[in-house]
Amino acid sequence: MLTIDRATRDAIVEHARRDHPDEACGVVAGPAGSDRPARHVPMLNAAMSPTFYEFDSGDLLKLYREMDDNDEEPVVIYHSHTSTEAYPSRTDISLAQEPDAHYVLVSTRDGAHESGPVDFRSYRIVDGEVSEEEVAVVERYDHDTTQTATTQTPTTQTQTEKAAD
Amino acid sequence: MAIEVRIPTILRTFTDGERAVDGKGDTVAELIEQLEANHAGIKERIVEDGVVRRFINVYVNDEDIRFTGGLETAITDGDTVVILPAVAGG
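Top to bottom, those sequences are chains A and B. Per this note's numbering, residue 7 is the first one in the first sequence, and the count goes up by one each step. Per this note's numbering, residue 3 is the first one in the second sequence, and the count goes up by one each step.
Please note that a few of the clues may not be correct.
Stated by the list, open to error - The following label-pair restraints were derived from C-beta to C-beta distances: (1) A:GLU91 x B:VAL53: 30 to 36 Å; (2) B:ALA22 x A:ARG45: 19 to 25 Å; (3) B:GLU50 x A:ASP106: 21 to 27 Å; (4) B:ARG14 x A:SER89: 34 to 40 Å; (5) B:GLU74 x A:GLU139: 41 to 47 Å; (6) B:LYS26 x A:GLY39: 47 to 53 Å.
No wet-lab data here; the hints were simulated from the structure. Even glycine gets a Cβ: it sits at the ideal position worked out from N, Cα and C.
Bound conformation, chain B alone (with noise of 0.2 Å):
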């Protein structure tokens, strides 16, 4: 059993228009180590400076990780990862 990933259109140029793959860590940052080894370039759109991105919002089982310990922030087989960009502006 792998852990889901929820893709917004906005990436899905980088896993070929897949609303879903599969991924593997311990952690989301490794999550997104991963990710990137399959689909190269994503984790420049949702890391920046070793964090999410500000305007990125990502959750494990419904848990925004800002919450939960960021990027360190432990996953299990059969969690669910969303990733959302914000909808925010001025």
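For reference, chain A alone in the conformation it holds in the complex (with noise of 0.2 Å):
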């Protein structure tokens, strides 16, 4: 399961629809091994393409010494479908090498702008094989998350739930 505070989650959307038609990518980095992801990276799509993503060669060597002096590791790594569902393509499964990261995908084909839902769901990759995981949204991190979380099995989001808050 993927749990992650309310203010990410809507931070990750938010660059996917402003990015839409292209395709968006960054990471959440987040301790090592504490599985939360805190610090949001939004990066550069070096592809600049509606159907392929890869952050640029000298950003992604940046982000990892980076993520090594903070003593974090990439806890996300996300990109956006701009005209396909929000799971993973081939493409994607094959070139993911991040073993222990959760791999979100948002898909912005309806709702690249402010009314439309947006799907926003979370994959392991490991050696080909994709398995997908709840997510769960909490408002903040706290000792027992398990008290805010609002578990949803992979679902539609929208704006109007936010405005429901």
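Join the two chains into one complex using the hints; note that each chain is given alone, in its own frame.
Rendered as structure tokens:
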């Protein structure tokens, strides 16, 4: 299960909408071993493409150096699909090289604008095997996140949900 | 003094979990041969058909070797070599 705070989830959706129709990508770093996505780092899609994403190689090195210095790891690696569902493509699966990361897929196919729905789903991709996992959105990380978690099996997120908070 | 080689998570199965190993060589190609001698199987994860794999990045002192001569990039004691898988997809 991926547990993520609402502000970070919303920031990822916002990034995906902003870069639509190109794919958006980034990571959420967190303390090593914590499995807690804490620091959102939107990355430039060097491919600038609606069907492909790739971190710029210089940015990638800088990011990993920063994470090393902070004793962090990439807890979440996310990117958007802009005309297909939020499910890893064959390319996503064959290029996934962080077995410990939660791979988050966001689809802006129907929700490129504020009112539309945006799918937000999370997967583990290990040795070419994909397994989807639940996403628990919490208001903040505290000692007992189970108290505040609103666990959702992969469903469509809309802005109306946010307005209802 | 040796050359420090930073190993990404996905290749640490070849280095008994070590995040960094010492290497030597006058070029990146020689360094990778020497890595292979100590950690059999690692080379083919980095190199394909005589060049660095498309979705693997190798840096010598912060420079991506694609821009500095590829595997023939010269290295010397005290250098740091970083291997990082690309973060990419479709």
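Hint check results:
Checked against the given bound of 30 to 36 Å, the beta carbons of GLU91 (chain A) and VAL53 (chain B), roughly 35 Å apart, stay inside it. For ALA22 (chain B) paired with ARG45 (chain A), a C-beta distance near 23 Å keeps the hint of 19 to 25 Å intact. Take GLU50 (chain B) and ASP106 (chain A): their Cβ atoms lie about 25 Å apart, and the range 21 to 27 Å holds. Our hint of 34 to 40 Å for ARG14 (chain B) and SER89 (chain A) holds, since their Cβ atoms are close to 36 Å apart.
For the pair GLU74 (chain B) and GLU139 (chain A), the supplied restraint of 41 to 47 Å holds, since their beta-carbon distance comes to about 44 Å. Judged by the Cβ atoms, the range 47 to 53 Å given for LYS26 (chain B) and GLY39 (chain A) is violated: they are separated by roughly 32 Å.
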